[in-house]
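Per the UniProt record's numbering, the sequence shown starts with residue 1, numbered consecutively.
Treat the hints with care, since some could be wrong.
What the hints assert, rightly or not - Derived CB-CB ranges, DEER-like:
1) A72 with K13: 15 to 21 angstroms
2) R110 with V20: 29 to 35 angstroms
3) N109 with A22: 22 to 28 angstroms
Honestly, the hints are just simulated from the structure, not real lab data. For glycine and all other residues, C-beta sits at the position ideal for the given N, C-alpha and C.
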Amino acid sequence: MHKAYTSEQEINKYFVQYLVIAACHLIEATASVIAAAVTEDIPPNRRENDDNYLFKRELLGIYLTMAPWSQAAQYSIFQEAGLPDGCLNIIHSSRESTPSVIEKILADNRLREVCFSRSSNLGRQMGRLSDYYLKPSELEAS
1 MHKAYTSEQE INKYFVQYLV IAACHLIEAT ASVIAAAVTE DIPPNRREND DNYLFKRELL
61 GIYLTMAPWS QAAQYSIFQE AGLPDGCLNI IHSSRESTPS VIEKILADNR LREVCFSRSS
121 NLGRQMGRLS DYYLKPSELE AS
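Based on the sequences and whatever the hints tell you, model everything.
Here it is as structure tokens:
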């Protein structure tokens, strides 16, 4: 993962270790939430002072999430964990073609919801398009 993070930017190896640990904690938390949603049981906390969450399983359908390019490095973790093919797909696009790619995806009636974490400029475009195509969206722009 360090190689993926440092291939396009100079980044301290200790910061990469922090990112990997944080990603592992997020994946673990997500897995426990999924387990709770499937079984409707609250799994015990592994760490003191952690919050408990209970989620009800509800079929959402196709969900678009956009994250910085470096998040694609974590794709292999999901593959190794046995996530079935087609459940998580990665689409790459150039900066110039991203707005038109996004609009084509958002125009698809099968898409149910959007989650976006990237630049403010593209976030504004995503927000406008999500509104236009009546897609619920979560935007975290920097």
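Hint-by-hint comparison with the structure:
1. Distance hint check for A72 and K13: the Cβ-Cβ separation is about 20 angstroms, which falls inside the suggested range of 15 to 21 angstroms.
2. Between R110 and V20, the C-beta spacing of about 34 angstroms keeps the proposed range 29 to 35 angstroms intact.
3. With their beta carbons about 36 angstroms apart, N109 and A22 fall outside the hinted range of 22 to 28 angstroms.
Against the hints set out earlier in the document, a violation occurs for number 3 only.
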